[in-house]
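Asker: Sequence:
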Amino acid sequence: MTPGLQRPPASPAACRLVILTIVDLLVKQSNIASMTGSATMLKCVSSALLLAAPAAASYAFYVGKDLTADGSVMVGGTGEEVSSHWLQIFPAKDHGPNETITVGVTADAVLPGELIQIPQVDHTFRYISMEYSDFEGFPAPLTNGGLNEKGVAVRDVWAETRTELWDMTPTPQLGLQYSDLARVVMERASNAREGVEILGDLIAKYGYADYGGNSHLIADKDEGWVVWQFAGGQKLWAAESLRSDEVRVLYPGYIEDFPTNYDTNATAAEDFLGSPNLVSFAVEQGWWSPNSTDPFNIFKVYGLQGNYTARDGGFKYMSQAALEEATLAMVPVTEQDLIERVRDYRISDDEAGYGQVLSLNNHTDPDLFRLWIAPTSSVTAPFNPWWLGVNSIPPEYAEHRYLTTGASSSFLNTDYQFQEATHFAGLIFKQILYNTCTQPSHFLPYVQEILHGLENASLSNVALYERAAQLFINAGDREGAKQLLTTYSHSRAEASLQAGRSLVDALDSYIKLTGRYKAPVGSEINDAGEGAETVNCLVGADPDQPEWKQPQTPMRRRRLQRRLRRV
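Numbering that gives the first Met the number 0 puts the first residue of the sequence shown at 0, with every later residue one more than the last.
Take the hints with a grain of salt, since some may be wrong.
As the list claims (entries may be wrong) - Here are the computed distance ranges between Cβ atoms for each label pair: (1) P275 - S459: 22 to 32 angstroms; (2) D244 - P365: 24 to 34 angstroms; (3) G95 - A268: 34 to 44 angstroms; (4) E98 - E193: 16 to 26 angstroms; (5) Y433 - Q284: 37 to 47 angstroms; (6) N260 - Q482: 22 to 32 angstroms; (7) P519 - I88: 36 to 46 angstroms; (8) S440 - A268: 49 to 59 angstroms; (9) D244 - G475: 31 to 41 angstroms.
FYI, nobody ran anything at the bench for these hints, they're computed from the structure.
For each residue, glycine too, the CB sits at the ideal point set by N, CA and C.
Construct all of the structure, not just a fragment, from the sequences and the given hints.
Answerer: Right, dumping it as structure tokens:
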């Protein structure tokens, strides 16, 4: 039980009052005609909603096509930023010969810099992305990646580098930052390897602006690549291809043993790419010697030094190795399996800005590329289906002022007043997270039962709508196909929103009417900053601290070790 939350005894009369209150609320808001009795109030709510459903850090999952149920490459993950997140579609576009884009960071960034302009290409591809407004002072809009019309998926994940690189970063720093790189890959890359090459070429020409180290997962229907960019202003980067029989979890991103002849040996170059100074700079700094018996290990040479390992821990409660093994245990992996990994309460908390899972294969029309996206932390938010071909995003899932940079110091732009007047999905499912995590052992099973019901209802008709859309395309009516997909995505998004609103009120009523509500005792509504524990459903441990920093009292430590073994 969460400290400070004691469950008071509930009389039959009180239970009936709670149930009747929630039933009345659900009838009014969700058009649910009736709700039968059950052992607990939340079980009633769960059943009713199922019937109604016909540092920030970031993490990413890669599952090779040999390990999935349908032979697709699968990618999943989240972005961990304080900012709100919203879903946006960027159409394909032709550009003029002198057109430029603005990239880089400003003086407000954690490592100050200056914005620069670089040439835009003649044509950019259509892509879909979760956007946000702020991270470490970087200029909006920002993205961790998404999916483009060529079937190239991008995920951005933190990957800290050694402090010497932080210290040698020039002021001001110049170049493309992590979001610029993710966006440019989506705009320009036709396959994963090309995405890596584009990224490397741009860093070589214009530099890289950083916040202390970053990585990208870039994938297509055949393979994936991990690309690690290093702080320091030296244009350093390294990339490793991922096998078709491999699971890789970036939490943070990592690369280990790396051939020193990657730029001269054709065989090595098939699986490894990097900046031309990757080895020589490490030798110059005394971080590695060609006379050493130790292999050239990217993590050991360029990664954060100290009590850290590439896969086995030191950064978070769940290590990359533990998450990789948990995913391998699910082979053959389905989209539903990967959704459960992404929403795992040991990693998905208040810091997780959204959830994303997608499959990449060679037999899908670009308009039928499908993503499952949760509007905020997926531990308490449903994944809704979206296709790259949809014509629009409902206003409830578009940009709102909640947790958006500048909102507290400015009034609303009248151009946005209709959109802002709608219910924001990000806020609704944040409210569910906050209530659920007050007593996760009690609330989380029922909340996730509702999420599964919504997702199963969506999944039950996905194949039917995709077949129908393909028939439209085959008949030459692509717009008809896109409208069909748009209608279904919007309907499932609305069903999730209505269920979310009902669940917010149900949890709120239950908590208050059973005496569980606790008013704040302090005066600071915001957390204490980097390193402070944020809202999460992991009782007795902090998901953002490694095992060796967790509580040391014997009973809590034994519980923690048992949970780690049960991954």
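Asker: All the hints need checking, so say for each whether the structure fits it.
Answerer: Okay, the hints, checked on the actual structure:
Checked against the hint of 22 to 32 angstroms, the pair P275 and S459 fails, with Cβ atoms roughly 52 angstroms apart. Judged by the Cβ atoms, the range 24 to 34 angstroms given for D244 and P365 holds: they are separated by roughly 27 angstroms. Remark: the range hint 34 to 44 angstroms for G95 to A268 is upheld by a beta-carbon distance near 35 angstroms. Remark: the range hint 16 to 26 angstroms for E98 to E193 is upheld by a beta-carbon distance near 21 angstroms.
Between Y433 and Q284, the C-beta spacing of about 46 angstroms keeps the proposed range 37 to 47 angstroms intact. Distance hint check: the CB atoms of N260 and Q482 are about 53 angstroms apart, inconsistent with the given range 22 to 32 angstroms. At about 39 angstroms, the beta-carbon gap between P519 and I88 stays in the expected band of 36 to 46 angstroms. Against the hinted window of 49 to 59 angstroms, the Cβ-Cβ separation of S440 and A268 comes to about 52 angstroms, which satisfies the hint.
Here the CB-CB span from D244 to G475 is close to 40 angstroms, well matched to the stated 31 to 41 angstroms.
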